[in-house]
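Listed below, chain by chain, are the residues.
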Amino acid sequence: MTSTAIPPAPAPATKTRNGASDRSKAENRLGQKLVAPAIVLMLLVTAFPMLRAIWLSVYDYALTAPDDRSFIGIDNYVTALTDPLFWKSTGITVLYMLVTVAIELVIGFIFALVMHRVIFGRGIVRTSILIPYGIITVVSGFTWQFAFSYQNGFVNGWLPFISDDFNWFGDTTPAVIAICISEIWKTTPFMSLLLLAGLAQVSEDMIEAAKVDGATWWQRMWKVVIPNMRAAIMVAILFRALDAYRIFDNIFVMTNGAEDTQSISFLTYRQTIEQFQLGMGSALSVLLFLSVLLIAFLIIKLFRVDLAQARQEG
Amino acid sequence: MWDNDQFRRAILNSIGISLIATLLSVIVATLAAYAIARLEFKGKRLVLSLSLAIAMFPVVSLVGPLFDMWRTFGIYDTWPGLIIPYMSFTLPLAIWTLSAFFREIPWEMEQAAQVDGATSWQAFRRVIVPLAAPGVFTAAILTFFFAWNDFVFGISLTSTEAARPIPASLAFFVGSDPFNRPASLLAAAAVIATIPIIVIVLIFPAQDRRRPHLRRSEGIGVPPTWLPSR
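Taken in order, these protein sequences are the chains called A and B. When you line the first sequence up against this note's numbering, it's residues 1 to 314, in that order. When you line the second sequence up against this note's numbering, it's residues 1 to 230, in that order.
Here chain A stands alone, though its shape is the one from the complex (with noise of 0.2 Å):
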């Protein structure tokens, strides 16, 4: 392509000078009102449930004794917030969401770079790259804890440095590293599509114009190809991130949170679900909430993510 793109067409002359037309006026409510059963469901289940969860959270509230229910202000988190447990949880969580981002941010830059170069038999590459992502989560994560099970996994028998009844769920640094492996697994995929994404959108222009001044494959890489798909790295980055700090299904099915692995979204799920403490399990909702939040401003601010390439609004 050339640079001669058109730009958008300016918008539609409807509007007159002197304020909104009538017509104007009917298209602004017709517009909001087929949006509205749109809005309203999303916010029924989660702005609407936040709120909840705020109220419950001042509450000392177990569902297997509801009529004891008491105000207690703010001493669920102050529990919570003084428990080695939460800060335990908070931790791996933050592990997991580290290791994991960085492993596949590499893997998958390498599957991108593969799917938009690849010539012959560009079908099959592109499908089995994105094969973990079709699979459902809690099937990969049985697959991969029957690989590593010392019982009758591959796993062992393959590594040649690691004894044949070697327990990976046995203790907390190899079962972490199973879950990652299992996660990385997962979801390098999705990371990929982010990352073509943004290298479909690097001119080839550029890239030619720096192999005709006699510029190496990696100078390329380096001072062309990512500096240009920067703002999709960033993207791909924050929603990975925030996706890796909700992990939640391998480790249900992996470890179920035995031997520390527990992330801070199964405390949760096991104070309200399992245990029908509602008052506390409300509490780690909102922090949970909360620590989302702040890892998303954390990560737009300092990396300074253009939030308009995440929306895509074409």
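It cannot be assumed that every hint is accurate.
Claimed, not checked - In silico lysine-lysine, DSBU-like type, Cα no more than 30 Å apart, as pairs:
| id | chain 1 | residue 1 | chain 2 | residue 2 |
| --- | --- | --- | --- | --- |
| 1 | A | K223 | A | K211 |
| 2 | A | K88 | A | K223 |
| 3 | A | K33 | B | K44 |
| 4 | A | K301 | B | K42 |
| 5 | A | K301 | A | K223 |
| 6 | A | K301 | B | K44 |
| 7 | B | K42 | A | K25 |
Stated by the list, open to error - If you anchor each label on the Cβ, the simulated ranges turn out as follows:
| id | chain 1 | residue 1 | chain 2 | residue 2 | range |
| --- | --- | --- | --- | --- | --- |
| 8 | A | W87 | B | N4 | 24 to 32 Å |
| 9 | A | M206 | B | A188 | 47 to 55 Å |
| 10 | A | R23 | B | F172 | 52 to 60 Å |
| 11 | B | R71 | A | N256 | 18 to 26 Å |
| 12 | B | W107 | A | E259 | 55 to 63 Å |
| 13 | A | D165 | B | L46 | 51 to 59 Å |
| 14 | A | S21 | B | E108 | 16 to 24 Å |
| 15 | A | I107 | B | R8 | 35 to 43 Å |
| 16 | B | Q111 | A | S203 | 35 to 43 Å |
As the list claims (entries may be wrong) - Taking beta-carbon pairs under 7 Å as the criterion, some of the chain B residues facing chain A (in silico):
| id | residue |
| --- | --- |
| 17 | V47 |
| 18 | M56 |
| 19 | G64 |
| 20 | A190 |
Simulated from the structure, these hints should not be mistaken for laboratory data. For each residue, glycine too, the CB sits at the ideal point set by N, CA and C.
Go by the hints and put chain B onto chain A.
Showing chain B alone in chain A's frame:
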């Protein structure tokens, strides 16, 4: 596996819930997408931002309050109890996909058909519907994919076989001996749970050829930021 009552129910639940959620979600999303693609109104950007925010929402922080709310409303452990959250979480994706398609439709053709003597209904049925169908189909596939794959809502908003979908059922299945899980049965169930996804993947390339203008994410047809992350 089919003889196992628990799995049979779970598969029927999954199919029913996912299909109904897909149908309703696509209907609601079509209305919103039409407005976003064709009308000028206040709050358009708000809709898009809200949609994107939902993609990043920590789902687990919702299950506690939803668990409590659904019990109050009496829809805990029922199909609607899962259909409603699935709809909300698939709406952003469906709205984006559909509005991208609707922008590409040459709407003048509807008037052209009417000038040529077609009734409004004929113009809509013969001109607009065929043009919009691939978009609706894509949105439906992605919605179904999300609903089928969901786990968090599936385990926390159900308690019995009445509504428990297949991923949740897989995770809770222990068999007769809790210390020795029936690996082969689980594997069979896992394969069955994957079949719908494989069918979808097989349909996808055929869809892709029909809409070359939406090649942005190359092969998926939707910018990946709007896709479910797993």
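Here's how the hints hold up against the structure:
1. A:K223 with A:K211: Holds, at roughly 12 Å.
2. A:K88 with A:K223: Between K88 (chain A) and K223 (chain A) the Cα gap is close to 40 Å, so the pair fails against 30 Å, i.e. violated.
3. A:K33 with B:K44: 12 Å, holds
4. A:K301 with B:K42: 28 Å, holds
5. A:K301 with A:K223: It holds: about 24 Å lies between the C-alpha atoms, which stays within 30 Å.
6. A:K301 with B:K44: Judged against 30 Å, a Cα distance of about 25 Å means the pair holds.
7. B:K42 with A:K25: 10 Å, holds
8. A:W87 with B:N4: 24 to 32 Å: 42 Å Cβ-Cβ, so the 24 to 32 Å window is violated.
9. A:M206 with B:A188: 47 to 55 Å: 52 Å, holds
10. A:R23 with B:F172: 52 to 60 Å: Given about 57 Å between the Cβ atoms, the range holds.
11. B:R71 with A:N256: 18 to 26 Å: At roughly 25 Å between Cβ atoms, N256 (chain A) and R71 (chain B) fall inside 18 to 26 Å, so the hint holds.
12. B:W107 with A:E259: 55 to 63 Å: At roughly 59 Å between Cβ atoms, E259 (chain A) and W107 (chain B) fall inside 55 to 63 Å, so the hint holds.
13. A:D165 with B:L46: 51 to 59 Å: 58 Å, holds
14. A:S21 with B:E108: 16 to 24 Å: At roughly 22 Å between Cβ atoms, E108 (chain B) and S21 (chain A) fall inside 16 to 24 Å, so the hint holds.
15. A:I107 with B:R8: 35 to 43 Å: At 39 Å between Cβs, range holds.
16. B:Q111 with A:S203: 35 to 43 Å: Given a distance of about 39 Å, which is inside 35 to 43 Å, the answer is holds.
17. V47: With a minimum Cβ separation of about 5 Å from chain A (threshold 7 Å), the hint on V47 (chain B) holds.
18. M56: At 5 Å from the nearest chain A Cβ, M56 (chain B) passes the 7 Å test, so the hint holds.
19. G64: Check passed: Cβ of G64 (chain B) comes within 4 Å of chain A, closer than 7 Å.
20. A190: Holds, because the Cβ-Cβ distance from A190 (chain B) to chain A comes to roughly 4 Å (cut-off 7 Å).
The structure fails to meet hints 2, 8 from the earlier list, while all remaining hints are met.
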